[in-house]
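Engineer: Each chain is listed here by its residues.
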Amino acid sequence: MSLIGSEATFIAVLAPFAAAIVAPTLTRLLAHNAAWPLALVPAAIFLFFAGLVPEVAGGASFTPAVDWAPAYGVTFSFFVDGLSTLFALLISGIGTFIILYSGGYLKGHPQQGRFFSFMFLFMGAMLGLVLGNDLITLFIFWELTSITSFLLIGFDHLRAASRRAAIQALVVTGGGGLSLLAGFLVIMAVTGEANMSAVLASGDTLRDSGLYALVLALVLGGAFTKSAQFPFHFWLPNAMEAPTPVSAFLHSATMVKAGVYLLMRMHPVLGDTALWTTILPVFGGATLLVGTILAVRQTDLKLMLAYTTVASLGLLVMLTGTSWEKAIEGAALYLLAHSLFKGALFMVAGTIDHEAGTRDITRLGGLRKAMPITFAAACLAALSMSGLPPFVGFIAKEYLYTGIWGGAGANYALTATAVLGNALMLVIAAAVALKPFLGPKVETPKHAHEGPVLLYAGPVVLSLVGLASALLAHDTGVLVIGPVVSSILGVPSAVDVHLVPTHIGAALYLSLGTIALGVVLFLRLDALRAGTARLLTAIGWGPDKGFDQVIAGIVSFSAWVTRTVQGGRMEVYMTMTFLITAAAILVPMTVAGTWPTGFAMPDFRFYEWGVLAIAAAGLVAVLIARTRLTAIVSLGIQGFAVALIFMLFGAPDLSFTQFMVETLSVVILALVMTRLNLQPRDHRPMAARLCHSVIALAIGAGFAGLLIQITSAPFDRRLSDFFEAYSRTIAHGRNIVNVILVDFRGFDTLGEIAVVMVTGLCVLALIRVRPKRSAEEALDLAAGGDALRKREEARV
Amino acid sequence: MRTVIFRTIAPYLAALMVLFSVFVLLRGHNEPGGGFIGGLIAASALAIYGIACGVAAVRRAITLHPMSLSAAGLLMAALSGLVSLFTGQPFMTSQWWYVRLFGVEVPLSTPMIFDIGVYLVVVGSIGSIALALEERESD
Numbered sequence: 173m174s175l176i177g178s179e180a181t182f183i184a185v186l187a188p189f190a191a192a193i194v195a196p197t198l199t200r201l202l203a204h205n206a207a208w209p210l211a212l213v214p215a216a217i218f219l220f221f222a223g224l225v226p227e228v229a230g231g232a233s234f235t236p237a238v239d240w241a242p243a244y245g246v247t248f249s250f251f252v253d254g255l256s257t258l259f260a261l262l263i264s265g266i267g268t269f270i271i272l273y274s275g276g277y278l279k280g281h282p283q284q285g286r287f288f289s290f291m292f293l294f295m296g297a298m299l300g301l302v303l304g305n306d307l308i309t310l311f312i313f314w315e316l317t318s319i320t321s322f323l324l325i326g327f328d329h330l331r332a333a334s335r336r337a338a339i340q341a342l343v344v345t346g347g348g349g350l351s352l353l354a355g356f357l358v359i360m361a362v363t364g365e366a367n368m369s370a371v372l373a374s375g376d377t378l379r380d381s382g383l384y385a386l387v388l389a390l391v392l393g394g395a396f397t398k399s400a401q402f403p404f405h406f407w408l409p410n411a412m413e414a415p416t417p418v419s420a421f422l423h424s425a426t427m428v429k430a431g432v433y434l435l436m437r438m439h440p441v442l443g444d445t446a447l448w449t450t451i452l453p454v455f456g457g458a459t460l461l462v463g464t465i466l467a468v469r470q471t472d473l474k475l476m477l478a479y480t481t482v483a484s485l486g487l488l489v490m491l492t493g494t495s496w497e498k499a500i501e502g503a504a505l506y507l508l509a510h511s512l513f514k515g516a517l518f519m520v521a522g523t524i525d526h527e528a529g530t531r532d533i534t535r536l537g538g539l540r541k542a543m544p545i546t547f548a549a550a551c552l553a554a555l556s557m558s559g560l561p562p563f564v565g566f567i568a569k570e571y572l573y574t575g576i577w578g579g580a581g582a583n584y585a586l587t588a589t590a591v592l593g594n595a596l597m598l599v600i601a602a603a604v605a606l607k608p609f610l611g612p613k614v615e616t617p618k619h620a621h622e623g624p625v626l627l628y629a630g631p632v633v634l635s636l637v638g639l640a641s642a643l644l645a646h647d648t649g650v651l652v653i654g655p656v657v658s659s660i661l662g663v664p665s666a667v668d669v670h671l672v673p674t675h676i677g678a679a680l681y682l683s684l685g686t687i688a689l690g691v692v693l694f695l696r697l698d699a700l701r702a703g704t705a706r707l708l709t710a711i712g713w714g715p716d717k718g719f720d721q722v723i724a725g726i727v728s729f730s731a732w733v734t735r736t737v738q739g740g741r742m743e744v745y746m747t748m749t750f751l752i753t754a755a756a757i758l759v760p761m762t763v764a765g766t767w768p769t770g771f772a773m774p775d776f777r778f779y780e781w782g783v784l785a786i787a788a789a790g791l792v793a794v795l796i797a798r799t800r801l802t803a804i805v806s807l808g809i810q811g812f813a814v815a816l817i818f819m820l821f822g823a824p825d826l827s828f829t830q831f832m833v834e835t836l837s838v839v840i841l842a843l844v845m846t847r848l849n850l851q852p853r854d855h856r857p858m859a860a861r862l863c864h865s866v867i868a869l870a871i872g873a874g875f876a877g878l879l880i881q882i883t884s885a886p887f888d889r890r891l892s893d894f895f896e897a898y899s900r901t902i903a904h905g906r907n908i909v910n911v912i913l914v915d916f917r918g919f920d921t922l923g924e925i926a927v928v929m930v931t932g933l934c935v936l937a938l939i940r941v942r943p944k945r946s947a948e949e950a951l952d953l954a955a956g957g958d959a960l961r962k963r964e965e966a967r968v
Numbered sequence: 008m009r010t011v012i013f014r015t016i017a018p019y020l021a022a023l024m025v026l027f028s029v030f031v032l033l034r035g036h037n038e039p040g041g042g043f044i045g046g047l048i049a050a051s052a053l054a055i056y057g058i059a060c061g062v063a064a065v066r067r068a069i070t071l072h073p074m075s076l077s078a079a080g081l082l083m084a085a086l087s088g089l090v091s092l093f094t095g096q097p098f099m100t101s102q103w104w105y106v107r108l109f110g111v112e113v114p115l116s117t118p119m120i121f122d123i124g125v126y127l128v129v130v131g132s133i134g135s136i137a138l139a140l141e142e143r144e145s146d
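Taken in order, these protein sequences are the chains called A and B.
According to the numbering used here, the residues represented by the first sequence are 173 to 968, in order.
According to the numbering used here, the residues represented by the second sequence are 8 to 146, in order.
Hints listed in this document are in silico derivations from the structure and should not be mistaken for laboratory results.
As the structure is a computational prediction, the values presented were derived from the model and not from experiment.
Just the calculated beta-carbon pair ranges, DEER-fashion:
| # | chain 1 | residue 1 | chain 2 | residue 2 | range |
| --- | --- | --- | --- | --- | --- |
| 1 | A | I796 | B | E112 | 53 to 63 Å |
| 2 | B | A79 | A | R906 | 21 to 31 Å |
| 3 | B | V29 | A | R286 | 42 to 52 Å |
| 4 | A | L186 | B | L108 | 43 to 53 Å |
| 5 | B | A79 | A | Y898 | 25 to 35 Å |
| 6 | A | N849 | B | V11 | 21 to 31 Å |
| 7 | B | V29 | A | W781 | 35 to 45 Å |
| 8 | B | L108 | A | E743 | 55 to 65 Å |
Non-contacting residues of chain B with respect to chain A, defined by C-beta distances greater than 10 Å in every case (computed):
| # | residue |
| --- | --- |
| 9 | T10 |
| 10 | P18 |
| 11 | L23 |
| 12 | L26 |
| 13 | F30 |
| 14 | A68 |
| 15 | I69 |
| 16 | T94 |
Just so you know, even glycine gets a beta-carbon here, dropped at the ideal spot from N, CA and C.
With these hints in hand, go ahead and build the complete structure from the sequences.
Structural biologist: Okay, here's the thing in structure tokens:
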């Protein structure tokens with residue numbers, strides 16, 4: 173591959189992120205017309221990938237890469253082949269029209285700039301996902317799509333329903349993402365490869381591995397949640413809370429296909445096993461039926477489309493799961509067809525909502541005169557969705573029927589599922605495209621008229637592309653579908669796509685049957701809707717409700733844990749902290765048997781004895797003090813004596829700091845005392861006093877033993893020697909302690925001062941918000957100061 | 008606590024302590040001292056001034072909120088580490104400049120800037136806690 177190709181791929185993936193940065197400013201300057209220049213970005217990306225098509229169609233694939241985190245072997249690399257090129261084309265191509273559509277749809281919205289920004293962030297993430305070669309790169313972009321999807325679903329964040337839907341989507345897809353990460357790590361461990369292209373070249377390594385079932389389960393965990401497979405489908409319809417451009421782009425054409433992409437991508441190494449061909453068709457088929465049945469029940473245009481999206485994803489998973497070549501061809505065609513017609517239909521639904529003020533199908537009718545262009549686009553897209561000629565949806569259906577009818581195994585069940593699902597999809601397509609436009613004029617909340625060009629450009633172009641790709645069936649097959657099928661199967665395969673069936677066979681009869689069934693059902697749509705509504709009411713429980721129950725369970729569990737562990741009684745906290753400290757010191761020393769056996773009394777001078785005596789006197793004063801204030805001040809005496817000891821033993825810096833910390837501790841503790849309105853005296857019952865004394869003695873004995881043990885070991889002078897040797901020569905400082913703090917170990921200090929500042933902020937907040945709680949924090953602070961001093965001490 | 012003697016002396020004492028804290032901060036590289044100790048001294052100066060003359064007077068005297076000082080210090084410390092990137096060395100490699108001022112050679116360095124950052128963080132954080140605790144009226 174030429175150099176231009178590899179470097180330009182990086183630019184193509186990064187361009188949307190750059191656009192996300194400039195979008196808000198541009199929107200401030202140009203208002204909704206910013207959509208025009210912004211749409212040039214995805215358009216350029218589309219042209220770039222379109223330029224790669226001939227080479228990719230010729231069987232070429234290339235993997236541009238740069239090092240990202242070389243220490244961990246993570247590279248930032250891309251994998252461009254048939255499958256990823258088709259996805260990149262869909263993302264950038266549909267993205268171009270979505271950006272235009274967003275310009276019209278959110279015209280005058282105060283946050284339009286932010287919306288554009290989020291959309292571009294998503295676009296970049298999605299491109300990175302489908303092009304990612306390094307597994308970690310792929311995972312990061314995968315999670316990035318979940319996060320941007322969260323931002324977009326919750327865009328209208330003032331409504332509780334939006335927030336709930338956003339969190340639900342994040343929890344479900346983010347949880348799946350974690351499963352995927354685990355899967356990738358196992359794959360990396362099994363194959364020893366970190367790149368998708370290398371993993372794909374590893375042949376049967378994964379299938380033969382004993383961990384195959386685990387890998388498959390983890391990868392499916394990621395793919396099924398992302399692609400909304402039953403029983404994880406519930407987040408997708410709820411995500412319709414997002415503005416319509418989001419629904420059209422993320423939740424039909426691109427992001428939800430990420431799971432399908434992953435399955436197709438991994439098919440050469442994971443597919444075609446008994447597990448694969450059992451699990452995927454079962455879940456896919458169930459999703460197809462559940463999706464279409466739930467779609468029939470809805471009267472909201474967007475929700476009807478959302479449930480059919482769930483169904484279509486199920487169909488794609490089912491086809492991928494068969495591992496039959498013809499069915500895979502059908503899946504590739506259907507993938508293309510679905511992105512085109514569903515993107516268009518979503519935009520149509522949004523336009524109707526925008527112009528007529530409602531998207532409830534029972535309150536719409538007779539709009540064909542008011543909105544002729546939208547009506548035309550809706551019809552074209554719906555014909556493709558219904559699988560009628562001469563649209564790409566028809567070809568897709570022919571191929572997938574050929575695939576599952578001609579394959580081996582349980583094809584009767586699959587065929588029946590596919591026919592029923594497709595018939596119901598025809599029903600929904602007809603309902604979405606015909607009901608709002610035909611029939612007598614119904615009074616709508618807004619006076620309906622045709623939307624601006626920004627709104628109808630997308631549906632018109634996408635539905636026409638759906639028509640054109642069918643009319644140019646041969647080129648579509650050679651340039652797009654063939655390379656995709658080659659990627660999925662892992663072997664080069666040429667696909668000959670015909671619009672007109674080459675022979676009258678089972679597929680054609682099945683198609684005719686589907687259409688007939690669909691028309692019959694459509695004529696009885698109202699009865700069908702009432703029937704499914706009754707059925708669902710009778711069941712009365714769904715995964716959506718289950719999600720709420722799980723979340724409520726987690727919330728009440730954590731509330732219980734908090735109540736139990738965090739009782740709010742200072743005394744309990746302190747007792748627990750000191751007990752655990754004592755245990756942490758004493759238990760390992762006892763278990764490992766490292767208690768010091770002897771202790772050589774150093775030869776002290778008389779003034780050193782004097783200082784020790786002052787320290788001891790301070791401690792005695794603490795114990796016999798009658799008021800708390802006296803106790804605090806007496807503790808200060810002990811601290812000052814320790815500071816003197818540091819001074820006498822040649823640690824002036826340490827002693828200096830100790831003096832200051834002691835002074836400030838006493839001042840702050842005294843201040844806290846005056847604020848707390850505590851009783852001046854200590855009124856603990858005898859039992860508590862005894863218990864606390866025991867804990868205090870245990871900690872004291874433990875620390876003493878630990879220190880004796882440590883100091884009795886020969887002192888390792890390597891670090892000291894290093895610092896002594898280089899403090900002057902490298903760091904130009906004679907005070908080793910300070911040189912260590914600001915130079916040799918400056919990075920540690922940077923972290924420590926950040927902690928000091930954050931602690932300060934927290935204490936301030938506590939004093940402001942809960943004046944009664946400040947005492948604990950002040951104590952913590954005193955402890956924090958000590959900790960800093962101790963660290964310094966440790967370094968000397 | 009607010010005796011006449013204390014109130015009269017406190018401003019001078021606080022001023023001397025701040026001056027001393029700067030001295031301690033700057034000598035730190037070669038003699039006992041440094042940003043952390045200097046910061047503690049300056050924070051005690053603020054606390055004493057606050058006890059004697061009221062928190063409002065301290066806040067007027069230092070103009071900025073002590074937390075802003077703290078944040079500025081953290082930023083300064085972090086930025087001082089970035090200087091070395093311009094010379095192609097790793098983050099936080101110390102850089103030294105010897106400047107001649109009034110005929111005296113004054114060594115300046117990024118560790119010094121870093122230490123001043125430490126000083127500001129400590130003054131700001133501890134000082135603002137002390138002041139907040141002294142501020143009784145705001146309860």
